[in-house]
Amino acid sequence: MVVLVYRLDRLARKVRLAYDLIERLERCGVGLMSYSEPNINTTTPIGKAVLGIMAVFAEWERDTFAERSRLGMHKAARMGKYLGGIVPYGYTVEDGRLAPLPEEAAVVQQMFAWVAERGWSTERVAQELNRLGIPPKYRRDGRGVRGKRTAGVWRGGGVLRILKNRTYIGEYTYGKRTTKPQPELVKVAVPPIVEPTLFEAVQEQLTRNALFATRNARSVYLLKGLIRCGMCGRAYVGSADYYACVGRTNRQASPIPEMRCTAPHVRRADLEERIWHDIRSFLLNPGEALQAFINEESPESHEVSLLERRLQALFEARARLLDLYLEGGMEKETYYARLEDLDARVREVQASVESARQRSIVERQRKVALHSLESLSAHLHDRLDRLTLEEKQAVARELVERVTVRPGKGEVEVEVHYRFGQIAPHTGRGSWPQSTKTARDR
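Count the sequence shown with our numbering and you get residues 2 to 443, in order.
Please keep in mind that the hints were generated in silico from the structure rather than gathered at the bench.
Since we're looking at a predicted model, the values are computed, not measured.
Be careful, since some hints might not be right.
Stated by the list, open to error - Keeping only pairs whose Cα atoms sit at most 16 Å apart, straight-line, the calculated EDC-like set for lysine to aspartate or glutamate is:
id, residue 1, residue 2
1, LYS165, GLU104
2, LYS188, ASP242
3, LYS138, GLU105
4, LYS393, GLU273
5, LYS188, GLU309
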């Protein structure tokens, strides 16, 4: 009895796997023959020898094909080709490349604007899209996502994926979904839909939305979500009279009593009064901080474009090197040695580009902050003393970056980092006697 295969590589393309299958067949008294390779016949000694040679060549052929396919895909990605998968909302594929779809791109821009300008949550954005009757891509096309049926409505999770997708600022990455332990990612330039400044503003707002989510809070605390423990890094939460570290009061956060944080409580009235005094003083007279911003030098605007041109030249050199190798004009060892050198230079320039982009983004954010502070100061100047606690809380979130509490020598040390410190360095510090009254640990 024999098993007949068309070719050996249809049975297995790994030498070890081929021998394992043949050994199992032999234990069952079954031989193996190949229709297109008559010399392979495990019922004869010479057939077994030929099988071993053919198995080695089958594995080599598979590995070579896989390597060339991978290199070809990466080359296509570097050339800006879209290589399949779910097309991001707001884009379509034209001539093998991602291109903005005007109708959807306008929706994407509106989603980013709602979050950045109005502070909306992802759920609120989804509700508005559904209210306006704007369908998701796959409902409009009558398809599912990856072959699955969908409800055809917007949800917060889908909105969040769009808001966090860097493709919308022109940075599409090929290879993110690979299961390889060390994937080779290829960054592909695509037409942007959203300005980088707006994208970064949305990321910051999403973080703040998560931090300041009400979650059915029964009371309003001026500094909710802004205070951090300088000992354990956890948040401080408010009570009637005090702000206290979660690492000290929450058993779930610190189940072992000996390991609970020993950071002191802070009297709520003292801390809120001191910080609101700083905020009020700034809003009544922001001129000094704003002037400090105006006097600062701006980074050179052409730095990013110069570095991007240098990076593009390296990508083109890498593409030419790959073409030479694929055409057989270079040995494998030589190719990989030169590729390693090019990749090192690419990584170096990419790091410089990213650094320059961040500086440019920071500069644009500072300009936005300048405009926001001017508007906020003008809007609140005449009604600061009539604000409700909820309004004061909203103002504090705009102007306070974080508050850090640490124990001192008989005192509580508080360090306040204000957001207007991004324009003119300003750090408020305060200290007062530690409270002898301790909120009961739950």
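How the hints compare with the structure:
About 20 Å separates the Cα atoms of LYS165 and GLU104, which puts this hinted pair outside 16 Å; it is violated. At most 16 Å may separate the alpha-carbon atoms for a hinted pair to count; LYS188 and ASP242 exceed this at roughly 52 Å. The suggested pairing of LYS138 with GLU105 holds, with an alpha-carbon distance near 8 Å, which does not exceed 16 Å. As the CA atoms of LYS393 and GLU273 are separated by approximately 10 Å, the hinted pair is consistent with the 16 Å bound.
With a C-alpha separation of about 13 Å, the suggested pairing of LYS188 with GLU309 holds against the 16 Å cut-off.
Checked against the numbered hints given earlier, this structure breaks hints 1, 2; the rest are met.
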